[in-house]
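Undergrad: When you get a sec, could you build the whole thing from the sequences and use the hints?
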Amino acid sequence: PPPPEHRYAAVIDKAGLWDWLQDEAPQRLPHLLAKASAALRSEPTRGVYIIVTKQTPIQLSETLAVTRSNFLVEASQRLGAKGIAWAYVLEPL
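Quick note on numbering: the sequence shown equals residues 1 to 93 in our numbering.
Quick caveat, the hints were computed from the structure, so don't treat them as lab data. Glycine included, each C-beta is placed from N, C-alpha and C at the ideal position. Don't take each hint at face value.
Unchecked claim - FRET-style restraints, in silico, Cβ to Cβ:
id, residue 1, residue 2, range
1, E43, I84, 35 to 41 Å
2, A38, V73, 18 to 24 Å
3, K35, A75, 20 to 26 Å
Unchecked claim - Listed next, the in silico EDC-like pairs over lysine to aspartate or glutamate satisfying Cα-Cα at most 16 Å (straight line):
id, residue 1, residue 2
4, K54, D23
5, K35, E62
6, K54, E91
7, K82, E24
8, K54, D19
9, K54, D13
TA: In C-alpha coordinates form, the structure reads like this:
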(Lines of atoms letter the chains of each structure in order from A and count residues from 1; the text may use other names and numbers.)
(Lines give C-alpha, C1' and ligand atoms only; values in the text may rest on other atoms or scores of the structure.)
Protein backbone atom coordinates (compact mmCIF):
# COMPACT_ATOMS: atom_id res chain seq x y z
CA PRO A 1 0.00 0.00 0.00
CA PRO A 2 1.10 3.60 -0.47
CA PRO A 3 2.52 5.61 2.41
CA PRO A 4 0.12 7.50 4.69
CA GLU A 5 -2.20 10.00 3.04
CA HIS A 6 -1.51 8.32 -0.32
CA ARG A 7 1.78 10.13 -0.68
CA TYR A 8 4.85 8.67 -2.33
CA ALA A 9 8.61 8.57 -1.87
CA ALA A 10 9.07 9.41 -5.57
CA VAL A 11 7.06 10.69 -8.50
CA ILE A 12 8.72 9.81 -11.81
CA ASP A 13 8.27 11.45 -15.21
CA LYS A 14 10.32 9.59 -17.79
CA ALA A 15 10.42 12.04 -20.69
CA GLY A 16 6.69 12.44 -20.85
CA LEU A 17 4.52 15.10 -19.36
CA TRP A 18 7.33 17.51 -18.43
CA ASP A 19 8.67 17.73 -21.99
CA TRP A 20 5.20 17.83 -23.54
CA LEU A 21 4.14 20.73 -21.31
CA GLN A 22 7.45 22.50 -21.88
CA ASP A 23 6.80 22.40 -25.63
CA GLU A 24 3.01 22.71 -25.83
CA ALA A 25 1.71 24.42 -22.69
CA PRO A 26 4.50 25.90 -20.54
CA GLN A 27 1.96 27.91 -18.55
CA ARG A 28 0.77 24.56 -17.08
CA LEU A 29 4.17 23.64 -15.60
CA PRO A 30 3.42 25.34 -12.25
CA HIS A 31 0.29 23.17 -11.95
CA LEU A 32 2.30 20.02 -12.68
CA LEU A 33 4.90 20.98 -10.08
CA ALA A 34 2.20 21.70 -7.48
CA LYS A 35 0.56 18.31 -8.12
CA ALA A 36 3.91 16.50 -7.95
CA SER A 37 4.72 18.25 -4.67
CA ALA A 38 1.32 17.37 -3.21
CA ALA A 39 1.83 13.70 -4.10
CA LEU A 40 5.14 13.46 -2.23
CA ARG A 41 5.37 12.37 1.38
CA SER A 42 6.84 14.79 3.86
CA GLU A 43 7.77 12.41 6.69
CA PRO A 44 9.87 10.64 7.76
CA THR A 45 11.90 11.48 4.64
CA ARG A 46 10.70 14.01 2.07
CA GLY A 47 9.79 12.50 -1.30
CA VAL A 48 11.44 13.51 -4.58
CA TYR A 49 10.26 14.31 -8.10
CA ILE A 50 12.40 12.55 -10.71
CA ILE A 51 12.28 13.69 -14.31
CA VAL A 52 14.00 12.60 -17.49
CA THR A 53 13.98 15.39 -20.03
CA LYS A 54 15.72 16.82 -23.06
CA GLN A 55 16.35 20.02 -21.06
CA THR A 56 19.96 20.77 -20.18
CA PRO A 57 20.80 21.80 -16.61
CA ILE A 58 20.78 25.49 -17.60
CA GLN A 59 17.42 25.15 -19.35
CA LEU A 60 15.90 23.30 -16.41
CA SER A 61 17.22 25.93 -14.00
CA GLU A 62 15.65 28.67 -16.10
CA THR A 63 12.34 26.80 -16.28
CA LEU A 64 12.25 26.29 -12.51
CA ALA A 65 13.00 30.00 -11.98
CA VAL A 66 10.33 31.17 -14.45
CA THR A 67 7.71 28.88 -12.91
CA ARG A 68 8.69 30.05 -9.41
CA SER A 69 9.07 26.42 -8.51
CA ASN A 70 9.28 25.21 -4.94
CA PHE A 71 11.80 22.54 -5.98
CA LEU A 72 15.57 22.48 -5.98
CA VAL A 73 17.77 20.18 -8.03
CA GLU A 74 19.27 17.61 -5.70
CA ALA A 75 21.06 15.62 -8.43
CA SER A 76 21.49 15.59 -12.19
CA GLN A 77 22.88 13.04 -14.63
CA ARG A 78 23.49 13.23 -18.35
CA LEU A 79 22.07 10.16 -20.06
CA GLY A 80 23.97 8.65 -22.94
CA ALA A 81 27.15 9.79 -24.63
CA LYS A 82 25.47 12.44 -26.78
CA GLY A 83 23.85 14.29 -23.89
CA ILE A 84 20.45 14.55 -25.53
CA ALA A 85 18.65 13.56 -22.34
CA TRP A 86 19.13 14.35 -18.68
CA ALA A 87 17.79 12.90 -15.44
CA TYR A 88 17.11 15.12 -12.44
CA VAL A 89 16.10 14.50 -8.86
CA LEU A 90 14.09 17.47 -7.63
CA GLU A 91 13.49 17.98 -3.94
CA PRO A 92 10.67 20.18 -2.62
CA LEU A 93 11.75 23.14 -0.52
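Undergrad: Against the structure shown, which of the earlier numbered hints fail to hold, in ascending order?
TA: Of the numbered hints, 5, 6, 7 do not hold.
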